[in-house]
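> Here is what each chain is made of, one letter per residue.
2 protein chains.
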Amino acid sequence: MWKPDRQSKKTLYEQIADHLEQRISYGEFPPGSLLPSERKLAEQLDVNRSTVILAFAELRSMGIIESRTGSGTRVSKSKWGATPKHTPNWRRYAEGGSFLPNLPFMRKIREALTQQPSLIDFASGELAADLAPVDEIAKLMSEHKYTSYLGYDNPQGYIPLRQDLVSFLARYRGIRTTESSILITSGSQQSLYLITQCLLSPGDAVAIEDPSYCYSLPMFQSAGLRLFRLPVDQHGVRPDDIRALYKKHRIKMVFLNPNYQNPTGTVLGAERRKQVLDVASELALPIVEDEPFSLTAYEGNPPPPLKSMDTVGSVLYIGSFSKIAASGLRIGWMVAPRSIVERLADARQQMDFGLSVIPQQVAAQFLKSSHFEPHLDRLRIQLQYKRDLIIEALRKELPDLVTFTAPEGGLHLWCKLVPEVHDGKLLDEAIRKGVVFVPGSVYGSDSGFVRFTYARATAEEIGLGISGFAEALRELIDERSCLD
Amino acid sequence: MWKPDRQSKKTLYEQIADHLEQRISYGEFPPGSLLPSERKLAEQLDVNRSTVILAFAELRSMGIIESRTGSGTRVSKSKWGATPKHTPNWRRYAEGGSFLPNLPFMRKIREALTQQPSLIDFASGELAADLAPVDEIAKLMSEHKYTSYLGYDNPQGYIPLRQDLVSFLARYRGIRTTESSILITSGSQQSLYLITQCLLSPGDAVAIEDPSYCYSLPMFQSAGLRLFRLPVDQHGVRPDDIRALYKKHRIKMVFLNPNYQNPTGTVLGAERRKQVLDVASELALPIVEDEPFSLTAYEGNPPPPLKSMDTVGSVLYIGSFSKIAASGLRIGWMVAPRSIVERLADARQQMDFGLSVIPQQVAAQFLKSSHFEPHLDRLRIQLQYKRDLIIEALRKELPDLVTFTAPEGGLHLWCKLVPEVHDGKLLDEAIRKGVVFVPGSVYGSDSGFVRFTYARATAEEIGLGISGFAEALRELIDERSCLD
Ligand SMILES: Cc1ncc(COP(=O)(O)O)c(C=O)c1O
Ligand SMILES: Cc1ncc(COP(=O)(O)O)c(C=O)c1O
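The listed protein sequences derive, respectively, from chains R and V. In case it helps, the UniProt record's numbering puts the first sequence at residues 1 to 484. In case it helps, the UniProt record's numbering puts the second sequence at residues 1 to 484.
Hints were generated in silico from the structure; no laboratory data involved. Among the hints, a few may not be true.
When chains are identical, the list treats them as one kind, so a pair holds in a single copy or across two.
Derived lysine to any residue pairs resembling SDA-like cross-links, with alpha carbons at most 25 angstroms apart [as the list claims (entries may be wrong)]:
hint, residue 1, residue 2
1, 85, 244
2, 274, 130
3, 85, 298
4, 77, 62
As the structure is a prediction and not an experimental result, all values here were calculated from the model.
Given only the sequences and the hints, what does the whole structure look like? Please build it.
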């Protein structure tokens, strides 16, 4: 990111004006397009707003930009788009297409994190640098000779990785499968995308947990699916609800995250697992089992996946390295009947021509290395420790204002707020106090819930972050009582 | 891929029966699903068909599979899907969705290549192992310390790579841009996918070259676009045709591959480039400039891209490492106005959560390494050499039966066949002779054309492959004259 040079002889505002002129001339901001606001630019460039105002004035005097009250500052058409030349109406193209934009809360969180990297991050659903096996992977990469040919990969994914996953799945998840039933994807995310795009049609009804990670994905709506809710209680979804939704709406697929569910941390009960499979086979209904968190189980073994108990072939199983190793590898996998794997691999060719071979090689090496098992052990202990820290901090800071159930695995703590506060205001206030979290409504729940990811922040940050959050919450409550 | 063990005491057919039973019990072939044919299995397992027949008989006698004449062999429902349990109708799911399967010719070619890896490959549009910088990349990877945190990447792609691309594009393509106008994608393919999915809506009309790589992508039809043709002559498309299509069909976008076009190898003429940009700005029409081959220019510099001459902001520019370094890196880039880049990055988050960081780091290292420039020089010379070899072979083997123009860059030779033969029959016959190519109809042209990729085969294979092709072609001609 460019910043003005404070050592330069040129004034800051002149540097900014020059820089903007250059970017406009390069086409980053075509004629007629909106520039970032003065406030935003000032934040991005780390200067006072008045400096940006001066820079804009300079550009305006050269006829490069135009400001109209109320509609912001735009790149001048007469200067840059000399008639009769016309720039495509890019704004309209950007608004076209059937793909819905990400949720405003998610965009706000991302923006806040980009602009203030010092924020304490309870929002990003991923491991902290010290929990990821960065050194182990660096070591493996320096030892390995990457001399294999780097051509387009097999459409189902790198064969040695699929072979290693066969043993991995048998050993860790009790799933017996073959390499031809495995599709390697860019994280679980791409598995979900392929399923919604290629196996379902617009108008199809599907059932998802409520609350659920799936609600955070406009992807489901972009695919034109009709979403129906399966309420999650302490033991996960109720099998009878699936049957009821089938009767009423002919749902065509059920999406479940049975172990340490995102966001609630719930585990689907053992009895209910059997019943879910019974309902699925009774109705010939496919179940998508999304299982990224299982190997984080803090104590003992995680419950066996539905897929390992599925004698009928109802389950499409999805796993990922993101939450147990590194999300930046972008390695996930799906286990499915051959016809489905082949169909999805074929479609994926058209989307991106398959995954890069290198991260698949890295993942395969890590999986069969002597580092894998010790890494998992360490990860589990440290996640549990961080969970304890955040719970302790919440008990100390907000003893009467939040309630929650301590999760037995995963990365997230799901909190109910006792006072009623406005989701968006709480987030804004928390950001001002240096903390981000994800408002529960992102996951489809009513407001009054909060998801804290404790895996991303360092141990030191957890206490500080919860103090900041507590301050934000208290201020909102005070404000409200003033209004009462 | 599993193969029976010829040293084992168990007979081959028993091993195969056991193996199939296991795969069926794992869910790879759910109850009711079709097994591969006897012939196909025999090929895959490297055994006689009679061995597979025995294995099937064994499984049939155990009630595990059922064969009905004319409809192949299926996994038994009564055995595996004990009533009242029902497996989802996976076939129907696989046929659902709006995503069209890849073209039958492309699937046939891929299958042939998987089953007979010894085929001489004039079909895969990529570099041979000896043209790719495998050693250079292995060296860079062993030198580099991969110690950075492996979290979810920036949605627009790895920032240092985008910064390096800014200099790369200025130096090699005369394109001035900034890192915030660049989106890193999984090859050019994902750039094209994002554009068709997110900037266009079903029913929109677009113009593509005829013949064109785009016709080989059912992706355009999957997105519901109406495709209109811009015939390619010796100097590329005619600008007036764009205007005419706009008047008639209100096309909303034009897709061009101006340098060493796939499949024809044509270069868009200098005068026409100016006119294309004039038409685009006259009509406010976006041009997608897909430019994967430019840096392969055999002699001198390739023509400058439209993007470098675009003062209005009409062009979305796409580049890739696939054809100049390694397709298995899956690194491509788009240069576009900020609003478009941000929109596409946001949508991509929902599809795959962004690219793996590692190949982006590798690409950045390679780009700024001292290996890059010598690699390009060597690549150009060797491609030109292979082009000369294939032309020589064709002149020798089929002097009167094919016509073509020698391409000045790229990987492909586009041939017109003088005799009229059936596309599919020619491909089948060629495969029997040990060669694959891509029938021209895949690119939307009439039959009677063939695309030979000369970059993928070794120098030794080129002559042999063309002999095989010539034999196949001659046989088809003879067969036809027998019928006359
Ligand atoms: C339940 C669940 N599924 C899928 C994903 C996608 O993760 P990835 O694509 O990195 O595997 C997430 C990430 O937060 C998740 O929580
Ligand atoms: C014209 C053109 N565009 C795009 C692509 C896609 O290549 P990649 O995604 O590997 O960059 C190809 C590959 O053959 C091509 O020929």
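> How would you classify residue 77 and residue 62 at a CA-CA limit of 25 angstroms: within, between, both, or neither?
For residue 77 and residue 62, the Cα distance is within 25 angstroms only inside one copy (13 angstroms; across copies 78 angstroms).
> Classify it for me, residue 85 with residue 298: is the Cα-Cα distance of at most 25 angstroms met within a copy, between copies, both or neither?
neither (63 angstroms within a copy, 35 angstroms between copies)
> Is it within, between, both or neither when you check residue 85 against residue 244 at 25 angstroms Cα-Cα?
between (59 angstroms within a copy, 18 angstroms between copies)
> Checking an output row: residue 274 and residue 130, CA cutoff 25 angstroms. Within, between, both or neither?
Cα proximity of residue 274 and residue 130: none, with 38 angstroms in one copy and 54 angstroms across.
Checked against the numbered hints above, the structure breaks hints 2, 3 and satisfies the rest.
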